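K.L.:
Line order of the protein sequences matches chains A and B. Counting in my numbering, the first sequence runs from 1 upward without gaps. Counting in my numbering, the second sequence runs from 1 upward without gaps.
Hints in this document: simulated from the structure, not taken from any laboratory.
Keeping only pairs whose Cα atoms sit at most 30 Å apart, straight-line, the calculated DSSO-like set for lysine-lysine is:
#1 A:12 x B:20
#2 B:248 x B:333
#3 B:23 x A:45
#4 B:527 x B:86
#5 A:147 x B:414
#6 B:20 x B:527
#7 B:414 x A:45
#8 A:119 x B:95
As the structure is a prediction and not an experimental result, all values here were calculated from the model.
Spelled out, the chains give:
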Amino acid sequence: MIVRVIYEKGDKVRFLGHLDIVRVVQMSVARAGWPVKMSEGFSPKPRMDFGSPLPVGVAGYEEMFEVVLTEARPLDWLARTLSAQFPSDFRIREILPVPPGRESLSESIVASVYDLDLKGVEASALSRAFDAFMADESVLLEITRPKETRQVDLRPFVLEALVLPSTGEIDRPAACSPAHAGQDNTRVLASMTVRHDRGRTIRPQWVLSSLDRYGLVLDARETIIDRRKILLEQH
Amino acid sequence: MLRVNREEITWEDLRRELGKVEKPARYTGGEINAIRKDPEKADVRFALAFPDVYEVGASHLGSQILYYVINSMDRVACERTYAPWKDMEELLRRKNWPLYTLESRAPLYAFDIVGFSLQYELTYTNVLAMLELGGIPLRSKDRDESHPLVIAGGPVALSAEPLADFIDAFALGDGEEVVGDIISVYKDWRVSGKPRSFLLRELSQIPGVYVPSLYEVFYNPDNTVSRISPRNLDGFSAPERVHRRVLKSLESAPYPTKPLIPLIPPIHDRAVVEIFRGCTQGCRFCQAGMIYRPVREREPETIEKMALEILERSGFNEVSLVSLSSADYTYIKDLVSNLLKNPCGAKVSLPSLRVDSFSVGLAEMLGGGTKSGLTLAPEAGSQRMRDIINKRVTEEDILAAAESAFSAGYSHIKLYFMIGLPGETDEDVVAIGKLAQEIRRLGRNMGKRPSIVVSVSGFVPKAHTPFQWEPCLRPEEIMRRQRLLGSVLRGPGLEYRYHDVRLTRLEAVFSRGDRRLASALELAFKKGRRFDAWTDDYKQEEWDAVFEESGVDVDFYAHRERSENEVFPWDHLSSGVRKSYLLRERRLAMQEAKTPDCRGADCTGCGVCPDLGVKVDLAGRRDGQ
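Turn these sequences into a full structure, and let the hints steer you where they fit.
P.N.:
What follows is the structure, given as structure tokens:
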């Protein structure tokens, strides 16, 4: 039996990295007593697919992983046992059975929708910068990782970048709506839809960092970013 | 002084800023099995402060035990904080935020008691940084009734005189024994409304609690200590000597079976069960082997029960059976084979194995799929040196261990040695290389392609050990011996690693230092020294300048042989092992004579059992002896 677990990586655990999430979820599933199938070979690992990683600092409200079980269990049992073991600010949204023979989770993700909560910028300035970004054909950014520096063209990955009305009235779960949004006039809410291309994607922070070439300088690290939704390929 | 006008740093404050520091999850808490009591319902708020980075502190067993023990007390809330890494310290300073605890994000200064865990001398500058960042005056004498009581425990507390001016009270020995007494004295004092000085006096009456400000140290013209006496305060004086508190039985001691599990992997990312405390192998360089006596074992059934409970409640896939020498446990083989049948399918691991084929046999039992490597610690290369340090293994033992390892399928063997031990000659240094070569040859003759890692650290003499009179070699001399060893450690399949001699020297200064080092410590802290044990950040020039400016003679503390009748800065603090015994052991070392382990053989007369009213407590032998 393969199940897909749709869960929240909440606000307070946003600073966990992807590998931390994998470890925490694996340990939670072990505590929950799920009969997880282990991989063959020298050092067996639980057979789990974590789809699309979230970077440190980003929360997610419709995250997903898939797990192979050695025997079937009722979905409500799975939900109940795992809920009891998830650390605080991890929440199960839904557990679904996955039909066999379907392509891997990471391959079937086509896009991510992010909410951005920026401080110290004007909505109009951000809007202009987004428009300029979208009007460009190519936006190259150098990404520096500990072991390599590479150039990424951000532009083709961004499907949409919008500044939201300052009322804070946006469609998202209550848990992730910022407490004081709308009261602060230097606070701007925005939304960004980013494409995944066979597992490859970009981070919204990178887009924010690239906006300096359109005259908008901001510290992307101060922006609160949540992934609201993961869009899967429809079959 | 850092103060904010509110009790807590809000999440809203933090979440926009933490993205700027490395591994922000170090500072956000929310761990599995973290205990969050309502501060409103606590009479005493206790902050456990670990003066090293989160990943080191979060899995530290002693701190986990104390966290559990203190939180089990009614109306007492215990929270945790760790040394902020440099980027986080900078953020705290820039935002004018105090160092806070992870559970309620309350500043350290809001706590009643702040308790530091001292595992290593090179964390002293972090202790000072945490006090200042926590909004607490650095020096004990500058604190009043509005400030927390600052205490410290852990192995280093028995010789932490360099911290004497900064810590209100030290807890010596097993913390779970003494912490309850400290909290109850604190509670009574607060109700009484008496001045802080009264609290310190009351604390000094608790066995195992050392209040340094109640003692005066007198010095000889040659700078050595002449006398340490309790001050006379209107007829009151603290005890002449403070004896370490010892848990009589580990079997009945409280132990968390719902361990705190950090959300980011700590350095020891596995379930842990302490199978016994204390070690009587009697290695003469080893402080832990002296200051944790006697051996107290848990019953195997208890260990199995605890291990299974922890595995089930944690989701770890490995359980480590820890102690100072796990192969010595009375029922180790049965214990391991029973535990290997655990229903969770978890691996079993043993740290600190002995160097003999029995231990390698155990390692082989553990298997664990990957035969990645085996670590053995012969400590010295020649038989003469091993006799001097009382490491009671022969060359045959070592080679037999290596042979068992190779035939069990291990090809990577890591060997730990020290150089600069008392009485060491160049021949003894070269013997390390020869031993490693011999092991490699053995592996090759058995048709393997062995890879041998030789890891060598510089010997640092420690207080409360038979070698406390010995000098630490000068950095130049250690380097010369390192090079000498390097010249005989050449060849394929041999890798040579050695420690930074500058750290060896710094550790040597502080591990046998006195309270006059306080000014050097404070200066180092003011100059920005932090995380001194982290080699990549070590700044030799800064420490040189610190010693120069504060007039500290490094030779005096680190490189001098001390005379047999010298009074040591820690002589008023007793581990239970008598100084006369340590001196006798030192003389036996010079004669290259061995002392047996009292676990199986007769009493060797260290004094711990009669003086502290305890005895060796082995599993399965409690009734009738």
